[in-house]
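**Student:** Chain by chain, the residues run as shown.
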Amino acid sequence: MSAESELKNGNFVVNQCIDCKKTVWPPADFCNRCFGKTTIKKGPSEGKIIEFSKNDQCYFCLAEFEKEVKIIGKISSGIPKERQRVRIKKCGIKEGNYFFEFLLI
Amino acid sequence: MIKKVGIASYGITKFSREDAKIESVLLKATKNLFENCSNLTQKDIDAVLVSTNNNSKYLSPILAEMTGIEPKIAHSVESLCNSGTNAIISAYSYIASGLADVVLVAGAERYDSPGQILQWDNSRGEFKHPIFWASIFTKSYKKTFSVKEEDLALVSVKNHRQAQKNPYAFSDKIYTLNDVLNSKKLTNEIRLLDCSRPCTGGASIILASENKIKEFSDKPIWITGIGQKTMSAGFTKTITFSSMESSAFAAQSALKMSKHQPNEIDVLEIHDAFSVCEPMSLESIGITEKGKGIDLVKDMISTNNSKINPRGGLIGCGHPLGATGIAQTIEIFQQLQSKAESRQIDNPKVGLIHNMSAASTSSTVLVLEN
Chain A
0 MSAESELKNG NFVVNQCIDC KKTVWPPADF CNRCFGKTTI KKGPSEGKII
50 EFSKNDQCYF CLAEFEKEVK IIGKISSGIP KERQRVRIKK CGIKEGNYFF
100 EFLLI
Chain B
0 MIKKVGIASY GITKFSREDA KIESVLLKAT KNLFENCSNL TQKDIDAVLV
50 STNNNSKYLS PILAEMTGIE PKIAHSVESL CNSGTNAIIS AYSYIASGLA
100 DVVLVAGAER YDSPGQILQW DNSRGEFKHP IFWASIFTKS YKKTFSVKEE
150 DLALVSVKNH RQAQKNPYAF SDKIYTLNDV LNSKKLTNEI RLLDCSRPCT
200 GGASIILASE NKIKEFSDKP IWITGIGQKT MSAGFTKTIT FSSMESSAFA
250 AQSALKMSKH QPNEIDVLEI HDAFSVCEPM SLESIGITEK GKGIDLVKDM
300 ISTNNSKINP RGGLIGCGHP LGATGIAQTI EIFQQLQSKA ESRQIDNPKV
350 GLIHNMSAAS TSSTVLVLEN
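These protein sequence lines are chains A and B, in that order.
Read in numbering that gives the first Met the number 0, the first sequence has 63 at position 64, and its numbers run on one by one without any break.
Read in numbering that gives the first Met the number 0, the second sequence has 269 at position 270, and its numbers run on one by one without any break.
Okay, chain B solo, but in the shape it has when bound (with noise of 0.2 Å):
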């Protein structure tokens, strides 16, 4: 019988440009975790999983040792982008199958990583920057639906916004439209505002089965749905560009798992690498038809509401590759609590994190409830 997982507590740092070594930054995070959740102790953990795509070697037996946890399981994963819930998932398993009760997730990343650029994929030629991929899927979106560059630079608008709220953001500033639209152009397609920036940071979450989160926690949140999907490694194999297979793919079947439906999704931490992702992403997990996801980033700022990237996604909070998914569950676990502070929304019930790699040749999707 596969044992109920819950989610106990975190720690997390500001998301900055710092020139830190990446065991300072695993360390930092990990340290916030123990300071946030009083109980636990080192004796408690089964597991250490460390996230991230630093060049750096045996991280997780690393982390243990600063940390003064001799874990019975200690290693990385790596995927790219979605690294931090591939993680999440790998912990899960440890835990639902019985192997482990207790599992530290801990995810890390520099300004300098070199997981932005996957150097296998030779069909790019040398186009290999993210901003290439982004800009054809620009370009297709806008020509797909009709859509402007002006209705997806509210994207950027709305989550540089909602980042302001966020005291690990890395943005600490609102931009208009007119800012965005001006902002340095890449591409054709692309502008410096409508980017996540990479950076440096870390997160950590604490994991456990049923029968011991409550050692740790009077109010666990709950993994209900997991869903993941890997196409291809290369983007060039991707069939369309106006909307993301894995990501729907991934969500369908985490809200499967989950039982619920995509309109009983109270709050969404969404992977928006580029102002483009957020509307493809919508669309593609099923929060809205095809074609209609800058409709409702329009709506959420028009009403005020900021369900979709309240801690100011990937474009507000910068993009510590291994750290990000880590960091968007964070999120939703605070959101679900009720201790998002002034960035909580009313009364959440269900939340979903969706985390990506490589132009969504990979998704990872996750269900939370508390």
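Same shape as in the complex, but just chain A (with noise of 0.2 Å):
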């Protein structure tokens, strides 16, 4: 099992390195610190906003969920304000593309 088909059936996972346990994000096969061989592992639950806009369909934003893990994906509903903290709601990919959609907490 990969890293992208999790994601394909909604799952968040990240990658980690076997060897120096280092998170890997986006997914790859391979460390790239140790070039160790990865595994995945359960992607963290929560993370914050970074920063955020809104186009004319939805808000957006860049969240930080770890260290090595920021994503940018669109907010469920609400308003968000800086610094919140969200989780993420769905994951996917669609056409080859991710897609994650956070709900504000």
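These aren't lab readings, by the way, just hints derived from the structure by calculation.
This structure is a prediction, so every number in the text was calculated from the model and none was measured.
Please note that a few of the clues may not be correct.
[To be verified] Only pairs whose alpha carbons sit at most 25 Å apart, straight line, appear in this in silico BS3-like list of lysine-lysine:
{"hint": "1", "chain 1": "A", "residue 1": "Lys80", "chain 2": "B", "residue 2": "Lys141"}
{"hint": "2", "chain 1": "A", "residue 1": "Lys69", "chain 2": "B", "residue 2": "Lys141"}
{"hint": "3", "chain 1": "A", "residue 1": "Lys73", "chain 2": "B", "residue 2": "Lys142"}
{"hint": "4", "chain 1": "A", "residue 1": "Lys47", "chain 2": "B", "residue 2": "Lys42"}
The two chains are supplied separately, each in an independent frame; assemble them into the complex guided by the hints.
**Tutor:** Here is the structure:
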């Protein structure tokens, strides 16, 4: 099972190096620090907004889930605030592109 | 010993929305170069480098065949928006190392370039279009330095105005501050006139060693400083969103190599992919202190000084990715030769080109001197 196949099924996972335990994001087969093989681990459940904006359809934000994992995603509802915490509500891969939807908490 | 490398001549096409084949755009820019450099023959050229993000393959050999050149070296360079200056540095390296004496660099792009979206960067989710990183930069910059939307809009006003003196620019209209502020809102931070526009265009230059260049030009312009830096490919790896780390590093390297300080630069081409990029770049390069870039833009407007982006920048000229860095270099070449016609600034000696990719995840800076 690869990280991408988990993401396709709507499960937020990241890769972690088997040897040095570094989190690798976006997913990759080998660690970018020690070139060790990576394995799948459950992605962090909560993060905080670094910056947000809005287009004609939705609010979107750049959120940091842990040091190595920053993601841009759609905010499902509500008006975000600076540094507000978010949770991944939905994720997946559509036509080859990842997508993420965040819930404000 | 590293050989001295200079620019002898150039060719350029009008930037437009023309539905032309990439090979035709490259040929047109190169034909114009031969017209501008009467002593240059096909036999003089040791290497042909093509800068583009187009998906067509083998474009350097194709351009070589279409122009009757049989070079020793022929290949493409692709690095999104700073492909052009990176190709120039490849050409420089061939000459400086002695592998070539004369190198043709030709860049071209179509308005529908695949280089506009970095598909690999999945951490951007469905927000891969450049307006989204630009929105995050703009929000962060405005907040960090208390800059207003109407301040940033001045960049677009200035660069569209300056582009009217550039016969090759895409923009054919002067815009007021209100025009920019009332243009279509793409996000809360970005309006249509804050953006450089994808377009079709080509640009080419010829570089040569010190010994050879006098055959083609009695007034060559020398490349005296080079700096490059790549921080990452993905936007979300960026550490600060109100400054450009790769640009700062590249500028420091280029200025050190050229033995110049930022305050000694007389004319600059800055990579204003979006309005916010111009002040951020000026600060990162060291032209102004942090948060003061927009004050310099205002000063340029009030004093009618066009030394920053005299050809109109990317916002005024359009942004055919693979051609942009070369077109920026051509502008500084013309300025330093005092042949920039109505765009000419007063007696410049040192010029700088800043060209970057994908939200400044990588940057290239060149220093040119006459």
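**Student:** Now tell me, hint by hint, if it's right for this structure.
**Tutor:** Hint-by-hint comparison with the structure:
no.	hint	verdict
1	A/Lys80 - B/Lys141	16 Å, holds
2	A/Lys69 - B/Lys141	21 Å, holds
3	A/Lys73 - B/Lys142	21 Å, holds
4	A/Lys47 - B/Lys42	61 Å, violated
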